[in-house]
Amino acid sequence: AQSVTQLGSHVSVSEGALVLLRCNYSSSVPPYLFWYVQYPNQGLQLLLKYTSAATLVKGINGFEAEFKKSETSFHLTKPSAHMSDAAEYFCAVRTGANSKLTFGKGITLSVRP
Amino acid sequence: NAGVTQTPKFQVLKTGQSMTLQCAQDMNHNSMYWYRQDPGMGLRLIYYSASEGTTDKGEVPNGYNVSRLNKREFSLRLESAAPSQTSVYFCASRTRDREVSGYTFGSGTRLTVV
Numbered sequence: 189a190q191s192v193t194q195l196g197s198h199v200s201v202s203e204g205a206l207v208l209l210r211c212n213y214s215s216s217v218p219p220y221l222f223w224y225v226q227y228p229n230q231g232l233q234l235l236l237k238y239t240s241a242a243t244l245v246k247g248i249n250g251f252e253a254e255f256k257k258s259e260t261s262f263h264l265t266k267p268s269a270h271m272s273d274a275a276e277y278f279c280a281v282r283t284g285a286n287s288k289l290t291f292g293k294g295i296t297l298s299v300r301p
Numbered sequence: 156n157a158g159v160t161q162t163p164k165f166q167v168l169k170t171g172q173s174m175t176l177q178c179a180q181d182m183n184h185n186s187m188y189w190y191r192q193d194p195g196m197g198l199r200l201i202y203y204s205a206s207e208g209t210t211d212k213g214e215v216p217n218g219y220n221v222s223r224l225n226k227r228e229f230s231l232r233l234e235s236a237a238p239s240q241t242s243v244y245f246c247a248s249r250t251r252d253r254e255v256s257g258y259t260f261g262s263g264t265r266l267t268v269v
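Chains as they are written, first to last, in this note's numbering: chain C, 189 to 301; chain P, 156 to 269.
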């Protein structure tokens with residue numbers, strides 16, 4: 189079985205501050221990991237994905253994530269938050285190229301002026 | 156623009172009514188999925204279709220049926236709506252090839268059952 193855990197439901201940062209959104213996974217086989225972003229009243233958009241190539245993955249809008257097998261983690265970071273980053277962020281896992289995505293419960297990111 | 160199109164965008168139903176949520180993709184994707192999104196629950200898989208002609212249950216299939224009409228279209232039917240089915244429903248699709256691809260999502264259907 190596969191699962192992801194996103195601790196907490198809400199993170200608030202100041203504009204210009206570091207963004208860190210945590211994701212831990214559980215998988216019996218090497219996973220494929222994804223981060224999605226959802227802006228209000230919209231669908232989900234792929235931010236980045238880990239597919240067993242480089243452990244540091246760069247995505248859109250300045251976000252990146254690092255796969256750490258020893259910690260079973262795939263935390264999302266951005267050096268400097270922008271107001272437009274306010275959204276809900278979902279971590280997701282797949283255990284095979286053709287298996288289904290399992291999502292975490294999501295984290296809402298707020299950015300203060 | 157290429158992508159996943161869901162209709163309707165909003166719907167209010169009375170308990171016991173039926174309706175079908177429509178989903179179509181124009182990216183020649185093989186696999187299609189229906190998720191529901193509820194506050195604090197993330198996205199939960201209702202049904203999926205790995206390829207044209209096949210459908211399978213996901214995590215929360217009770218109260219729903221699906222039809223993979225052709226390669227482009229995958230519909231979700233509520234036969235007798237219940238207030239517990241108030242949710243935002245997302246359709247997604249994915250190509251089925253050797254690359255590990257993400258899903259492409261539609262913009263969602265907001266359903267309220269009263």
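These are calculated hints, taken from the structure and not from any lab test. Careful, some of the hints might be misleading.
Below are the BS3-like pairs computed for lysine-lysine, each with C-alpha atoms no more than 30 Å apart in a straight line [to be verified]:
(1) K164/P - K237/C
(2) K293/C - K237/C
(3) K226/P - K288/C
(4) K164/P - K257/C
> Which hints, by number, does the structure contradict?
Replying inline: The structure conflicts with hint 4 only, although it agrees with all the remaining ones.
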